[in-house]
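J.: Just so you know, the sequences run in chain order A and B.
Counting from 1, one number per residue, gives the positions in the first sequence under the working numbering.
Counting from 118, one number per residue, gives the positions in the second sequence under the working numbering.
For the record, the hints were derived by calculation from the structure and aren't laboratory data.
One thing to keep in mind: the hints can contain errors.
[Stated by the list, open to error] Now the stretches of chain B that chain A is said to cover, found in silico as 3 or more residues with beta-carbon under 8 Å:
{"hint": "1", "stretch": "157-164"}
{"hint": "2", "stretch": "206-218"}
[As the list claims (entries may be wrong)] Lysine-lysine pairs mimicking DSBU-like chemistry, simulated, CA-CA at most 35 Å apart:
{"hint": "3", "chain 1": "B", "residue 1": "Lys215", "chain 2": "A", "residue 2": "Lys64"}
{"hint": "4", "chain 1": "A", "residue 1": "Lys64", "chain 2": "B", "residue 2": "Lys122"}
{"hint": "5", "chain 1": "A", "residue 1": "Lys20", "chain 2": "B", "residue 2": "Lys215"}
{"hint": "6", "chain 1": "A", "residue 1": "Lys20", "chain 2": "A", "residue 2": "Lys41"}
{"hint": "7", "chain 1": "A", "residue 1": "Lys41", "chain 2": "B", "residue 2": "Lys188"}
{"hint": "8", "chain 1": "B", "residue 1": "Lys174", "chain 2": "A", "residue 2": "Lys64"}
{"hint": "9", "chain 1": "A", "residue 1": "Lys20", "chain 2": "B", "residue 2": "Lys159"}
{"hint": "10", "chain 1": "A", "residue 1": "Lys64", "chain 2": "B", "residue 2": "Lys211"}
{"hint": "11", "chain 1": "A", "residue 1": "Lys14", "chain 2": "B", "residue 2": "Lys159"}
{"hint": "12", "chain 1": "B", "residue 1": "Lys175", "chain 2": "B", "residue 2": "Lys185"}
{"hint": "13", "chain 1": "B", "residue 1": "Lys175", "chain 2": "A", "residue 2": "Lys55"}
{"hint": "14", "chain 1": "A", "residue 1": "Lys41", "chain 2": "B", "residue 2": "Lys174"}
Glycine is no exception: its CB is placed at the ideal position from the N, C-alpha and C atoms.
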Amino acid sequence: GAVVSQHPSWVICKSGTSVKIECRSLDFQATTMFWYRQFPKQSLMLMATSNEGSKATYEQGVEKDKFLINHASLTLSTLTVTSAHPEDSSFYICSARDAGVLNQPQHFGDGTRLSIL
Amino acid sequence: QQQVKQSPQSLIVQKGGISIINCAYENTAFDYFPWYQQFPGKGPALLIAIRPDVSEKKEGRFTISFNKSAKQFSLHIMDSQPGDSATYFCAASKGAQKLVFGQGTRLTINP
Numbered sequence: 001g002a003v004v005s006q007h008p009s010w011v012i013c014k015s016g017t018s019v020k021i022e023c024r025s026l027d028f029q030a031t032t033m034f035w036y037r038q039f040p041k042q043s044l045m046l047m048a049t050s051n052e053g054s055k056a057t058y059e060q061g062v063e064k065d066k067f068l069i070n071h072a073s074l075t076l077s078t079l080t081v082t083s084a085h086p087e088d089s090s091f092y093i094c095s096a097r098d099a100g101v102l103n104q105p106q107h108f109g110d111g112t113r114l115s116i117l
Numbered sequence: 118q119q120q121v122k123q124s125p126q127s128l129i130v131q132k133g134g135i136s137i138i139n140c141a142y143e144n145t146a147f148d149y150f151p152w153y154q155q156f157p158g159k160g161p162a163l164l165i166a167i168r169p170d171v172s173e174k175k176e177g178r179f180t181i182s183f184n185k186s187a188k189q190f191s192l193h194i195m196d197s198q199p200g201d202s203a204t205y206f207c208a209a210s211k212g213a214q215k216l217v218f219g220q221g222t223r224l225t226i227n228p
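Start from the sequences, fold in the hints, and give me the full structure.
T.: Following this line, the structure appears as structure tokens:
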């Protein structure tokens, strides 16, 4: 149980393109989802926390107009990287938690590798 | 005060040996301490977690030792196997709030 699916797993696109990444909880309802960015050989950096039906909370230094997050349902959150540039190339990972269950841990997707040419 | 410091940065252990990774935290409000395992190109997977009301938790070959007074916790991997070679992250959180991750430890198990 507690499977989080992320799509696509890898995307390559031209500079200036907007890219949408989907994060789905397959067997539970995720009232809270988290979006992380990870550079090679580094730890996970939290970008934002999204709660179903409300605006995402962004971490300090993360451009909310650049990284649009939508959590429209209890099983789906999306991250859109708008007008992507080479410096946005990274490994993006989502996680989800069923906040309705006491002490439920975060479960992570398998990440999306984004390469901007 | 939100930091979690993890050491060592990298670790090489012989097959069958014990791998030990340490973490230290500052925020005494943290009440949940998980360990995640990450393989290249994959997301982190929860290995084992502990809460501060116990000093040790064991699941198979993996054990967490927790020292509340020292604000430290560690992961022990017994009988380490080549398949355990991965990057390990400790983390901490308060309640259902966001996780604060350590810097990661790249573990290599030599056959």
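J.: Next step is simple, just say for each hint if it's right about the structure.
T.: How the hints compare with the structure:
1. Note: the stretch 157-164 of chain B has 6 residues with beta-carbon separation from chain A under 8 Å; the three-residue rule is met and the coverage holds.
2. Given a C-beta distance limit of less than 8 Å, the hint that chain A covers the stretch 206-218 of chain B holds, as 5 residues qualify and 3 suffice.
3. Straight-line distance between C-alpha atoms of Lys215(B) and Lys64(A) comes to about 18 Å, which keeps the hinted pair within the 35 Å bound.
4. This hinted pair checks out: Lys64(A) and Lys122(B) have alpha carbons roughly 28 Å apart, not beyond 35 Å.
5. Pair hint Lys20(A) plus Lys215(B) holds up; C-alpha atoms about 23 Å apart against a cutoff of 35 Å.
6. Our distance criterion of 35 Å between C-alpha atoms is met by Lys20(A) and Lys41(A), whose separation comes to about 24 Å.
7. Only pairs whose Cα atoms come within 35 Å are accepted, and Lys41(A) paired with Lys188(B) is accepted, the gap being roughly 26 Å.
8. In summary, the hint linking Lys174(B) to Lys64(A) is not supported, as the alpha carbons are separated by about 40 Å, beyond the 35 Å threshold.
9. Restraint check for Lys20(A) and Lys159(B): satisfied, since their Cα atoms lie roughly 19 Å apart, inside the 35 Å limit.
10. Between Lys64(A) and Lys211(B) the CA atoms are separated by roughly 25 Å; this keeps the pair inside 35 Å, and the hint holds.
11. Restraint check for Lys14(A) and Lys159(B): the C-alpha separation of about 24 Å stays at or below 35 Å, so the hint holds.
12. The suggested pairing of Lys175(B) with Lys185(B) holds, with an alpha-carbon distance near 17 Å, which does not exceed 35 Å.
13. Distance restraint check for Lys175(B) and Lys55(A): the Cα-Cα separation of roughly 39 Å exceeds the 35 Å cut-off, and the hinted pair is therefore not satisfied.
14. Between Lys41(A) and Lys174(B) the alpha-carbon distance is near 28 Å, which keeps this suggested pair within the 35 Å criterion.
Consistency note: the structure conflicts with the earlier hints numbered 8 and 13.
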